[in-house]
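Undergrad: Spelled out from the first residue to the last, the chains are:
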Amino acid sequence: MMIKTGGQIVCDALIREGVEVVFGLPGGAILPLYSTLGSYPELRHVLVRHEEGASLAADGYARASGNVGVCMATSGPGATNLITGLATAMMDSAPVVAITGQVGRAAIGSDAFQETDITGATLPVTKHNYLVMDTRDLAATIKEAFHIARSGRPGPVLIDIPRDVQAGEIEFDEAEWDKPVSLRGYNPPTVAEESEVATAAALINEAERPVILAGHGVIISRAYDELRELAENAQIPVVTTMLGISAFPEDHVLSTGFPGMHGMAYASLALDQADLIVNIGGRFDDRITGDTKRFAPNAKKIHIDIDPAELGKNIKVEAPVMGDVRHVLGQLNPQVNKTTHTKWIQHVEQLKADHPSLKIRETDELLGQHVVKAVSDATKGDALVVSGVGQHQMWAAQHYQFKNANSWFSSGGAGTMGYEVPAAMGAQLAHPDKEVWTFAGDGGIQMTLSEFATIAENNLPVKIAILNNNMLGMITQWQDMVFDKNFYANTYTGNPDFVKLADAYGIKALRVTNQDEMEGAIRAARAHDGPFIIDFMIYADENVFPMIPSGQSVAQLIEENL
Amino acid sequence: MVEIMANGLARRTLVALVENKPGVLARIASLFRRRGINIASLAVGASEQQDLSRMTFVAEGDPSTVGHIAKHLDKLIEVVDVSDISDQNVVWRELAMVRVKATPDSRPRVIQLANIFRVSIVDVGAEAVTMEITGDTEKIDSMITLMQEFGVEQVMRTGRVAMLRSALSQGGEDGAYSEQQISNIVARAGLDSGSV
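Sequence order for the protein chains is U and X.
If you read the first sequence in the numbering used here, its first letter stands for residue 1, the second for the next number, and so on.
If you read the second sequence in the numbering used here, its first letter stands for residue 1, the second for the next number, and so on.
The set of hints was computed from the structure by calculation and includes no laboratory data.
Please note that the accuracy of each hint is not assured.
[To be verified] Example chain X residues on the side facing chain U (calculated, C-beta under 7 Å, incomplete):
| id | residue |
| --- | --- |
| 1 | Ser30 |
| 2 | His68 |
| 3 | Lys71 |
| 4 | Lys75 |
| 5 | Val79 |
| 6 | Val80 |
[Claimed, not checked] Distance condition first, Cα-Cα at most 30 Å in a straight line; then the derived DSSO-like pairs of lysine-lysine:
| id | chain 1 | residue 1 | chain 2 | residue 2 |
| --- | --- | --- | --- | --- |
| 7 | U | Lys143 | X | Lys71 |
| 8 | U | Lys293 | U | Lys343 |
| 9 | U | Lys300 | X | Lys75 |
| 10 | U | Lys373 | U | Lys500 |
[What the hints assert, rightly or not] Computed, partial: chain U to chain X, Cβ under 10 Å:
| id | residue |
| --- | --- |
| 11 | Ile148 |
| 12 | Arg153 |
| 13 | Lys313 |
C-beta: ideal position from N, C-alpha, C; glycine also.
Produce the entire structure from the sequences given, and follow the hints as far as they go.
TA: Below you can see the structure in the form of structure tokens.
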């Protein structure tokens, strides 16, 4: 037995959970923990400039590494600033643990300085959360929190610790670490019921026009090989969801893009014309289905998901299969017949030929699509790619050709603008040796560009491509196409000079205004051993196509006039 | 039984076994609110297992959403077990206390009606009597309607508590009771058929 403070127990617990990096910003109520953190060199603390940067960086770190991302903040505004990152992680199933300081126990409920009921405030955006009222409960709580964050369908867990619980000293028994986590109400499934697998296999074996819809779950459970085996064995075209991008190599002949609102026309059409959709770890999001009543009306649906609440939530499915994607595919693959589907594959190839969604229109203007394609070509599809939210996100998802598994990080469910910079920081820290590119909009980047300082301070070699049209591009597109050209609050006339701004942070930067300068700038950024910002001044009057307007179906598919 | 109400919303009955910890009710309430489901009634109490409470909800909402709520509830870490028993053979009760105006003139009629409904009078005052009614929602509703003639001063209802029937062998193959079986049981137990 030895005497330990709450802060020491927290740090010991983090190390035991394999944590290497913590994103945080101190404040009064978490100072007892921070006073300990410095004596744990195994834990690299990255000091962010705004707590939203911490939670989004933890999310990016978690997705890129597959390990739990950790962020810390103080009580009150520090904790509430984390919320957007937690909501982002919740929607996209990223394992994140957030540790917040809280006012002392005696002050809880008294509206004390910087007191916010953060466990109450984060109820809907966390998988679970805790208020730890006794230093003796810390070790078990942190162990439980990491277990919940990373198992089953991953998600964010918040641990709120009053400052006197952090400072409290207790006789600590090291045997405490060995106690297993036991949660009566939490038993996430792994393998699926054999009968469910057999039903799914039978549907696949009798299908004539099957399509695989591979979601984020394939990436989370690292089922790349199993997915490929299924696709190749039964010759099934693979459509990914936007978050499923990089679950399947895009240079593979069966790769059929991503569908939905701004997905490739041929992907949406393949789903629409299929007689069977095998949804693997996706959730039939409204950006894919549009009007659920008109979504793939002639297809039977198999839905493989670890979360029972997703099965049948948005779309009626003939064969729900509950289990971890990798385990389920391991059970399913031996039961699937080797076949060719030659006619159907030829038909899908024809769809690709008839609907060249990735063809960029002929123009001398500098388009966002050109930039993404140039970065894709320069990096040979090998980079880790992050994006913000908006037009540039769709162009990045469309035109970057991803070769490697788990190389695309974007806020799909929450649609969090400002994700691009902090998440790229997290991805770079997870993979210090890999090339990280982040595509940003001039709107979103201004939401979290305080983290330029963090990037500069840590000399993180992130390459930031701002697709700058001096406006909220997607807002403009919607006002143009859906709101009768009623443009309002869509243009940014007061944008800073991003090159000068980068210079102020000590970050190298270039501005690109035409196609000719593009490749040179990308080469310069790649050659520079450190962060680099390129301000691409793109043609502003450009909409993202294809487009299926919200709540519609493929019947309303709009393709660009090439 | 899934009740479809006049406004098209569905009503379902759920029973959950939950950890008896602070904040559990807030988690559950937050989930219902987030999914756009109204809690029409809620009854909470200790269960037969230590540290676990049992809750009965009557949930009201869009039929497809409310049909899915048990799965969402089951995802809460502190919810150990939950079942949507709407389609199952259950016995359920609600308790209400109703204070009815009763002057010396009207009191005999109030008490007479109470006796017909097998309702106990638990308090008698100079101007009012308080009665305790146990039964299903309809029985309590009709009792309250009847009493309006005298003047209903206050109503306090517990919400529904429900339990699966164990005596399935008494029911048909699907566990449901036939009309004949129900009337037999009613006669045997001397119950008002509205309370079965």
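Undergrad: Could you run down the list of hints and mark each one as holding or not?
TA: These are the hints, each one checked on the structure:
1. Here the hint on serine 30/X is kept, as its CB sits about 4 Å from the closest CB of chain U, short of 7 Å.
2. Taking 7 Å as the C-beta contact cut-off toward chain U, the hint placing histidine 68/X at the interface holds, the least distance being around 6 Å.
3. Because the beta carbon of lysine 71/X sits about 4 Å from the nearest beta carbon in chain U, less than 7 Å, this interface hint is met.
4. Contact between lysine 75/X and chain U, as hinted, is supported at the beta carbon level, the nearest pair being about 6 Å apart and thus within 7 Å.
5. Because the smallest distance between the Cβ of valine 79/X and any Cβ of chain U comes to about 5 Å, under 7 Å, the interface hint for this residue holds.
6. Restraint check, valine 80/X versus chain U: the minimum CB separation of about 4 Å is within 7 Å; hint holds.
7. At most 30 Å may separate the alpha-carbon atoms for a hinted pair to count; lysine 143/U and lysine 71/X meet this at roughly 26 Å.
8. With a CA separation close to 28 Å, the supplied pair lysine 293/U and lysine 343/U stays within the 30 Å bound.
9. Pair hint lysine 300/U plus lysine 75/X holds up; C-alpha atoms about 27 Å apart against a cutoff of 30 Å.
10. For the suggested pair lysine 373/U and lysine 500/U, the alpha carbons sit about 26 Å apart, so the restraint of at most 30 Å is met.
11. Satisfaction of the interface hint for isoleucine 148/U is found here, the shortest Cβ-Cβ separation to chain X being roughly 6 Å, below the 10 Å cut-off.
12. Because the smallest distance between the Cβ of arginine 153/U and any Cβ of chain X comes to about 8 Å, under 10 Å, the interface hint for this residue holds.
13. Taking 10 Å as the C-beta contact cut-off toward chain X, the hint placing lysine 313/U at the interface holds, the least distance being around 6 Å.
The structure is consistent with each of the numbered hints, conforming to all of them.
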